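Colleague: Each chain, letter by letter, is given below.
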Amino acid sequence: DAGVIQSPRHEVTEMGQEVTLRCKPISGHDYLFWYRQTMMRGLELLIYFNNNVPIDDSGMPEDRFSAKMPNASFSTLKIQPSEPRDSAVYFCASSLPGQGSSGANVLTFGAGSRLTVL
Amino acid sequence: AQKVTQAQTEISVVEKEDVTLDCVYETRDTTYYLFWYKQPPSGELVFLIRRNSFDEQNEISGRYSWNFQKSTSSFNFTITASQVVDSAVYFCALSERGRDDKIIFGKGTRLHILP
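From first to last, the protein sequence lines are chains A and V. First residue of the first sequence: 1, per the numbering used here; consecutive thereafter. First residue of the second sequence: 1, per the numbering used here; consecutive thereafter.
If you're looking for bench data, these hints aren't it; they were derived computationally from the structure. Any given hint could be a false lead.
Residues from chain A shown here face chain V by an in silico Cβ test under 10 Å; the list is partial [unchecked claim]: (1) R41; (2) L45; (3) I55; (4) G59; (5) P61; (6) S87; (7) F91; (8) V106; (9) T108; (10) F109; (11) G110; (12) G112.
Incomplete in silico selection of chain A near chain V, CB under 10 Å [claimed, not checked]: (13) Y35; (14) G42; (15) L43; (16) E44; (17) D56; (18) F74; (19) T76; (20) R85; (21) A88; (22) V89; (23) L107; (24) A111.
These figures come from a predicted structure and were not determined experimentally. Ideal Cβ placement from N, Cα and C applies to all residues, glycine included.
Given these sequences and hints, build the entire structure.
Modeller: In structure tokens:
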């Protein structure tokens, strides 16, 4: 497996524009997580899915952020409209469920999408 | 509430010194997992270790060792004989079984190993 694949790796956009970040999890992983990393706040959990269903979106900053997982192999995180304070690295990660297996709950991260909003 | 605290924001040590990174967690669950991840300057996040709440046995892997103490809710990470390649941000994380496997991270400790 190629691991968790995120695109784009870098995105520079202007305030007010729509941004869509994409993620392909590892095949067979039931969980998908979106995290945001900034210097001030560290790694924040935005939302996570189990079997394509959103479980907890309490970390989504505001209504400008939305995430979908239409199938087991694809997820998107959308920001509309974007603001300079959204500038961060956005990580997608996937994992097996916590059922006691050796790989349970171990996150495999994508390389991240670095977003800069001017 | 589920919480992970890494009080050390940044640490600098000279190469070959030992260094310990602290992690304190809060949870109401009796069943949970603790983790450490490494983020080198290249930016990717790499899994180092997972420990479940029923296994308090300390673990050693080469120059790395982990000390899990439920009595103090701590899961500390020690690097022995540090090397420049150990320079990275290290994150501690917690997953509660009763919270649908939600995984949260501490804010990380940036470790500088000086040559």
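Colleague: Do the numbers back the hint for A88(A), that is, is its least Cβ distance to chain V under 10 Å?
Modeller: Given a least distance of 12 Å, the restraint on A88(A) is violated.
Colleague: Does the interface hint hold: is L45(A) within less than 10 Å of chain V, judged Cβ to Cβ?
Modeller: 6 Å, holds
Colleague: Does G42(A) meet its interface restraint, that is, does its C-beta lie within less than 10 Å of any C-beta in chain V?
Modeller: This hint holds: G42(A) lies near chain V, its Cβ roughly 3 Å from the closest one there, short of 10 Å.
Colleague: A closest beta-carbon separation below 10 Å is what the hint needs, so does L107(A) meet it against chain V?
Modeller: 6 Å, holds
Colleague: Hey, does the S87(A) contact hint survive, CB to chain V under 10 Å?
Modeller: 15 Å, violated
Colleague: Would the hint on G110(A) stand, with a C-beta cut-off of 10 Å toward chain V?
Modeller: 8 Å, holds
Colleague: Against chain V, run the beta carbon of G59(A) and see if the smallest gap drops under 10 Å.
Modeller: At 9 Å from the nearest chain V Cβ, G59(A) passes the 10 Å test, so the hint holds.
Colleague: Close enough to count: is the Cβ of L43(A) nearer than 10 Å to one in chain V?
Modeller: 4 Å, holds
Colleague: Against chain V, with CB atoms and a cut of 10 Å, does the hint on I55(A) hold up?
Modeller: For I55(A), the interface hint holds, since the closest Cβ of chain V sits about 5 Å away, which is under 10 Å.
Colleague: Mind checking the CB of F109(A) against every CB in chain V and telling me if the closest is under 10 Å?
Modeller: This interface hint holds because 4 Å falls under the 10 Å limit.
Colleague: Measuring from the C-beta of R41(A) to each C-beta in chain V, is the shortest one below 10 Å?
Modeller: 7 Å, holds
Colleague: Let me know if the C-beta of P61(A) comes in closer than 10 Å to any C-beta of chain V, holds or violated.
Modeller: Given a least distance of 16 Å, the restraint on P61(A) is violated.
Of the hints listed earlier, those the structure fails to meet are numbers 5, 6, 18, 19, 20, 21, in rising order.
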